[in-house]
Structures are given as structure tokens and as C-alpha cells.
Amino acid sequence: MATTALLTTVTAWPTAIYTVLLGVVLVYWVLAVLGMVDFESSGIDIDIDTHADAAPEDLGTLAGYVVAFGLSGVPFSIVVSLLVLVGWLLTALASVLLLPWVPTELLRWAAGAALLLVAGALSIVITAQLVRPLRGLFVTHAATSNASLVGQVCRVLTGVVDERQGRAEVAQRGASINIRVWAPSPNTLQRGDRALVTDYDPATLRYRVDAMPPESE
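The sequence shown maps to residues -15 to 201 in the numbering used here.
All clues stand as given, with none of them false.
Across the chosen pairs, the derived CB separations fall in these ranges:
#, residue 1, residue 2, range
1, Glu147, Phe53, 53 to 61 angstroms
2, Thr182, Gly19, 42 to 50 angstroms
3, Pro87, Leu10, 30 to 38 angstroms
For the record, the hints were derived by calculation from the structure and aren't laboratory data. We put the beta carbon where it would ideally sit given N, CA and C, even for glycine.
Kindly generate the complete structure, drawing on both the sequences and the hints.
Quick look at the structure:
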């Protein structure tokens, strides 16, 4: 009896709209579990994090609304899934608790339409709260690239730096990076000197360094 009542509720207006959407979401996540889609790089994902400080008018319309409503910071597929799930729960509960009190069928259709709008608005507010603690799970840490060290100052670790040998240390936040370096001879570089990284050779995986100008020491 309870099962029949539940099926009647989720397949009746207005919950049926969210039921269809929930079915699509469930199929999507089944495909994600099977490895057929990547939930972090699906075709509907948008690059929000890199523009989070921009004004909404400078973003795409969808991106602007996502940022404005506080739905950024997690894959967009998760946001959509939560919106649909919350909307489905709200409309189902309202259909059981509120719509039976509406006297006529025509008024129930009108009340159902209003319920869809209210559930959609509330689902955005609730989803924004659910997304907030999830953001830390999807922080992207960009690794330092080899080319990004060019132009930085390093400290020589070896007694000699020439065309054949040399090592230096580049100070980075958290930990220093030990790199292979070379410099054209003759030069004055020795252990403990500060030098400027001026080039990177991907073929030999070495950096060229030059002595710092006297005024920069």
C-alpha cells in the first residue's frame, strides 16, 4: 500500500518532472561508476574557479549564476545532481502534505506549477549549503612546471658550475627545489652564491644560470 502511494506521488504532477530528471541523473552516475563518463570533466562542466573573482557580467550567463548562487567549487555534475535530488524531495513532500488540501483539480495543477518554482528556488539555497563543505575535496593543486622556474633566483649548492656540472636550490613555498644547472665558463659562481635562472633546456633537463649583478646581491 505504501509502495503504491509512493509510486503515485513520484509519477504525479508536479513531482513527475523531477522524477524524470532524477532518472537522468541516476543513469549518468551509473555511467560514471562504469567509467564511461568522467564526472569531473563532463561536457556540461564550466571553468568557474579561475573566474570566481570576476563580475557575473564578465562570465557566461550560466557561469555567472553559478557563482552568484554559491554553487561553484565542485564539479558541475555534482551541483546538478544535488539540485535535482533536493527538488525531487521537496516536491514529493509537498505533494503528500500540501496538495491534498487543494480542493479542485484545476487548482491542484496551478498549485503544482507554483510548487515547482518554489522547490527550484529552495533547492538552490539548500544545495549551496550542501556544496560548501564539499569544496575542499575538489581543490586543484597546480604543480610547478620546469619553465616556471626561469626568472627566479637560486642558490648554488656545488663548488663549481660550468658546462658539465652544477646544482642549485630554488626557494619555494613549503620546500625548496633542487635543480641541475650549468653556466658558461669562465664564471665566478661558487657554493652559496645567488644566481638567476635564465633558461631551461628540456633536452638535457638542465637550467642555465648566470651570476647576479653586483647591485642585486
